[in-house]
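**Q** Sequence:
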Amino acid sequence: MDSLLKLLKQNARLSNGELATMLGTTEQDVAARIADYEKRGIIKGYSVIVNEELADVNAVTAYIELKVTPKADYGFDELASKIASLDDVESVSLMSGAYDLGVTISGKNYKEIAMFVAQRLSTIDGVLSTATHFILKRYKEKGIMIEDEASDERSLVAP
Numbered sequence: 138m139d140s141l142l143k144l145l146k147q148n149a150r151l152s153n154g155e156l157a158t159m160l161g162t163t164e165q166d167v168a169a170r171i172a173d174y175e176k177r178g179i180i181k182g183y184s185v186i187v188n189e190e191l192a193d194v195n196a197v198t199a200y201i202e203l204k205v206t207p208k209a210d211y212g213f214d215e216l217a218s219k220i221a222s223l224d225d226v227e228s229v230s231l232m233s234g235a236y237d238l239g240v241t242i243s244g245k246n247y248k249e250i251a252m253f254v255a256q257r258l259s260t261i262d263g264v265l266s267t268a269t270h271f272i273l274k275r276y277k278e279k280g281i282m283i284e285d286e287a288s289d290e291r292s293l294v295a296p
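All the letters of the sequence shown, read from the start, carry residue numbers 138 to 296 under this note's numbering.
Read the hints as simulated data drawn from the structure, not as lab findings.
Cβ atoms here follow ideal geometry from the backbone N, Cα and C, with glycine treated the same way.
It cannot be assumed that every hint is accurate.
To be verified - Across the chosen pairs, the derived CB separations fall in these ranges:
#1 Leu160 <-> Tyr183: 42 to 52 Å
#2 Asp139 <-> Thr260: 18 to 28 Å
#3 Asp139 <-> Tyr247: 26 to 36 Å
#4 Tyr174 <-> Gly280: 13 to 23 Å
#5 Ser140 <-> Leu265: 17 to 27 Å
#6 Ala251 <-> Lys219: 13 to 23 Å
Claimed, not checked - With a cut-off of at most 30 Å between alpha-carbon atoms, the simulated DSS-like pairs for lysine-lysine come out as follows:
#7 Lys279 <-> Lys143
#8 Lys279 <-> Lys176
#9 Lys277 <-> Lys146
#10 Lys208 <-> Lys219
#11 Lys248 <-> Lys219
Generate the whole structure from the sequences, applying the supplied hints.
**A** Okay, structure coming up:
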């Protein structure tokens, strides 16, 4: 992966000047490369990593495994696109292994997610089964530690 993209993935708030200094190039070069990445669809958007426990203690996130029947001539793409178009869905990925698609959603509580799975997701034609896993605690997200390391409050004792 390009070094500019790596830096942006770590911290998209870096200015073009800061990026230029880190890469040993000019601000104009950085701006042109970013504009090119956006135009070609390499950069799809910018996001923030939130400590959900501090922002909303009641929020719930779930990862849902789906076994599906792929559509003739489209494979998994048509079904994945249909699922991705649902407002509650944060991400959809084609997976290898025991299930076909992985879906991430967030809700206000466990019941809201359960109702989404029961009423909206599992009723889609082609969805054979679902398995819902609730995220209980996040430690690291997109390479960023969510919680600061716990400080050791024991004092040093000299012999």
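**Q** Each hint: holds or not?
**A** Going through the hints against the structure:
no.	hint	verdict
1	Leu160 <-> Tyr183: 42 to 52 Å	violated, 18 Å
2	Asp139 <-> Thr260: 18 to 28 Å	violated, 42 Å
3	Asp139 <-> Tyr247: 26 to 36 Å	violated, 41 Å
4	Tyr174 <-> Gly280: 13 to 23 Å	holds, 19 Å
5	Ser140 <-> Leu265: 17 to 27 Å	violated, 43 Å
6	Ala251 <-> Lys219: 13 to 23 Å	holds, 21 Å
7	Lys279 <-> Lys143	holds, 11 Å
8	Lys279 <-> Lys176	holds, 23 Å
9	Lys277 <-> Lys146	holds, 14 Å
10	Lys208 <-> Lys219	holds, 12 Å
11	Lys248 <-> Lys219	holds, 23 Å
Consistency note: the structure conflicts with the earlier hints numbered 1, 2, 3 and 5.
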